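Undergrad: Both chains are given apart, each in its own frame, so use the hints to dock them into the complex.
Listed here are the chains, written in short residue letters.
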Amino acid sequence: MNIKEYISSGILEAYVLGALSEEEQVQVVADIAAYPELAAEVAAIEITMQQFAEANAVAPPAFLQEQIWNAIQPADNTGQQTEPVKEETKVIPLTRRERSGQLRWQRAAVLVVLVGSLLVNLMFWFERNKMQENQLAMQQRMDTMQEQQQSLAAVVDNYKKEKDMLADPSMQSVVMRSMQKDHPMVATVMWNKEKGDAWLSVQKLPEAPKGMQYQLWVIKDGKPVDMGMVSNDMVASGGLQKVSKQMLGEGQAFAISLEKEGGSPVPTMERVYVMGKVAS
Amino acid sequence: MPPANTYTEEELVALLKQQSRDGFNYLYQHYSAVLYGVIVRVINDEQTAQDVLQEVFVKIWNNISGFNAEKGRIYTWMINIARNAAIDKLRSKGEIMKSKIHTGEDVVYNVQKGLKTEQQTDTIGLREMVGALKPEYNAIVQLAYFKGYTLDEISKTLDIPLGTVKTRMRHAIQLLRENFSR
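If you read the protein sequences in the order shown, they are chains A and B.
For the first sequence, the positions run 0 to 279 when numbering that gives the first Met the number 0 is used.
For the second sequence, the positions run 0 to 181 when numbering that gives the first Met the number 0 is used.
Hints should not be assumed to be uniformly reliable.
Stated by the list, open to error - Going by beta-carbon spacing under 8 Å, a handful of chain A positions derived as facing chain B:
no.: 1; residue: Gly9
no.: 2; residue: Leu19
no.: 3; residue: Ala43
no.: 4; residue: Ile44
no.: 5; residue: Ala52
no.: 6; residue: Pro60
no.: 7; residue: Ala61
As the list claims (entries may be wrong) - With a Cα cut of at most 30 Å, we get these calculated DSS-like pairs of lysine-lysine:
no.: 8; chain 1: A; residue 1: Lys276; chain 2: A; residue 2: Lys162
no.: 9; chain 1: A; residue 1: Lys244; chain 2: A; residue 2: Lys192
no.: 10; chain 1: B; residue 1: Lys155; chain 2: A; residue 2: Lys3
no.: 11; chain 1: A; residue 1: Lys219; chain 2: A; residue 2: Lys194
no.: 12; chain 1: A; residue 1: Lys3; chain 2: B; residue 2: Lys133
no.: 13; chain 1: A; residue 1: Lys276; chain 2: A; residue 2: Lys244
In short, the hints are calculated from the structure, not lab data.
Note that the structure is a prediction, hence the values are computed from the model and not measured.
Beta carbons are placed, not taken as given, at the ideal position from N, Cα and C, and that holds for glycine.
With the rest of the complex left out, here is chain B (with noise of 0.2 Å):
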């Protein structure tokens, strides 16, 4: 559910230095969901999930002040903040130890896996896109996007070639792209 602009960037980020209540209901009715589905992907305990949102928005919040619009774009700067939140916090849990020591096959069955649970409850765009790539570029968008592993890690756990992985990347990120412009 992607969130209606009623705002421009802009004007959100004037919004948000504001520091009101108004600006925080606005913000967390049009991100959360955003930013939860990128949590969520990372760390797959709910409650863990929640706790991280929170962080998130409170450094979302505690930071407004010293961004500039003109710097980027603040959806950027936001999902960031809650993609790294996330990994972070993955990592602290040595969960991302535990899955770099199974074997690749293995990575890529549960991030399918988890792939799918959320496919049953999830939106149609979700789908859609799921339907738009192949399990050899998905895997290597999760991997990166999700568990915060480099190039080199990723060329590791699937035991494909560092290029490869590169081209792949670009590709899927292509008919994401192709699939979104639709």
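In isolation and in its complexed conformation, chain A is listed as follows (with noise of 0.2 Å):
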């Protein structure tokens, strides 16, 4: 606060002269309690009021006294006259200037203690969010971690599979290469002849285009006979798949060609991408 503007704006003057609102008289006596000089100034200005008031004396008439002390009299001996004086709201100031200051050193307390509080509040706050966030992070990269694990997990049960039906005497693997020219692919079936079931992996072939499945075959007597269709999913993860049908009897060769989503009853020759011979 700008004490000499505060002083020379004129409240002090209009607050001694009893012209202030009740909301800027409270205002005021808070500034008097908390600034030795306006104080100051108040009191010089009550003090000019003073004379001012002097200055202005007139005498009552005489009969005055002795009427007024008679009045008083009764008062005292009854106690019922003794009015409570409705000027007491009035001169609040005079009373409340005096305990401010005891009030004053109570509501420093207690800014500090707020302050302080809201301090550490905003510290913890702070704080929370901070480990929030790191929470956050780290359970991220546990799920990141977590699917890694489950996909390397299913790869390495392919492969232990693959290896198994490898080691196992009554699987045949034929291993089919490329037919196209210049594109090296692999993929093998493993196949129980006694039972009929067959696996498929694939080693390396290329993603299907939109549309498109790749298709496998058994040369039976030279014809080419439907063995299902080959998963998407599975040619991407370079994974292991039951094959969807048996396949008993003989058979010369294995051939996966690319053909239309769903299958194609006959193999489309130019995509025949893979094939390889049954070692009699």
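TA: In structure tokens, the structure reads:
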């Protein structure tokens, strides 16, 4: 607060002259309590107004002294005419000013505690936000790792199955190699002749274009027989898939061709990608 | 006629708290003229002013036991009781309402007219004081101190901005201060 501006504004004169609204008066009382310079100025103005009142003095009629004394006496004896002073609200500045020293300390203390508490809360809040962010980032990393671990486990699982099948003497494996020049492609069929079950593993095949799908064939007596569709997902992941159809009896060769989605009754010859002869 | 300060403020409070006839006589002899002067400024009617003076003494007498000298000046306290009692009486009689209906000029004129009549019968000190204040300052002090007008009411009555009312009020008190310190 600019004390000089405050004083020169004339608000303290207005206060002493009783020309302020109640709200303004409360504010000025608080200001006076907070700033000794203002209190000193108010005291000076009060003394001026006291001198002003003295300069305005008018002697009342002499008979009043006795009359007023008599008016005071019955009040003292009966104690009934002692009316409470309405003016008390108006002299409040005098009483309030005194208490305000203590009040100011209490206010300052409360303010310090409030500000301190606010700062600590803010600190905790920031800390908590930071921890929440950290936790979220960690959760995301954990999720990613879990996904990676799962897909890795699936791959390992497939490798294990493939290895077991390759090691199984009842299983015959037929490696199919590229039929397209300059496009190295490899896939393997593992076939249990006695049970008729077969598995297909893709080592290297290009992703099927949209609307197209690979189809597995077995060549029996010189004719291609449908062995079912190859899942595009399996091709993409280079995994292992059980062949959907049973294959009993003799077969001379296995082949994979690219067909329209859902397959064709006969393979499109120029799109036979890989083929492998069954060892007799 | 300023009261001779034979007692300090604290001694006066102690004396009044005894509630003795001597204490009352001292109070009356030293302060009745100042208090009455304030009251007749507010209320031009002498009979009513005397009634208010009696009320004021009763209030001072009955409330002196609760007065703490450390809480403020007893002189200011007493003057405020007189001023507020007089303004309350003025308001209860509806005079302030009447005067507010008048134009600002009327109010200023009335204030100054009241000042002149008292000037003729009053002390030398008052004449000096009045000479020190120009009418535009005088009117503001009179309206605030003796008629109980708020800044806002003064601003509307005299048709001058609120800020100007405040600065003129300060200037007026400054002039009074200089005048009294001479």
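Undergrad: Of all the hints given earlier, name the ones this structure violates by number, lowest first.
TA: 7
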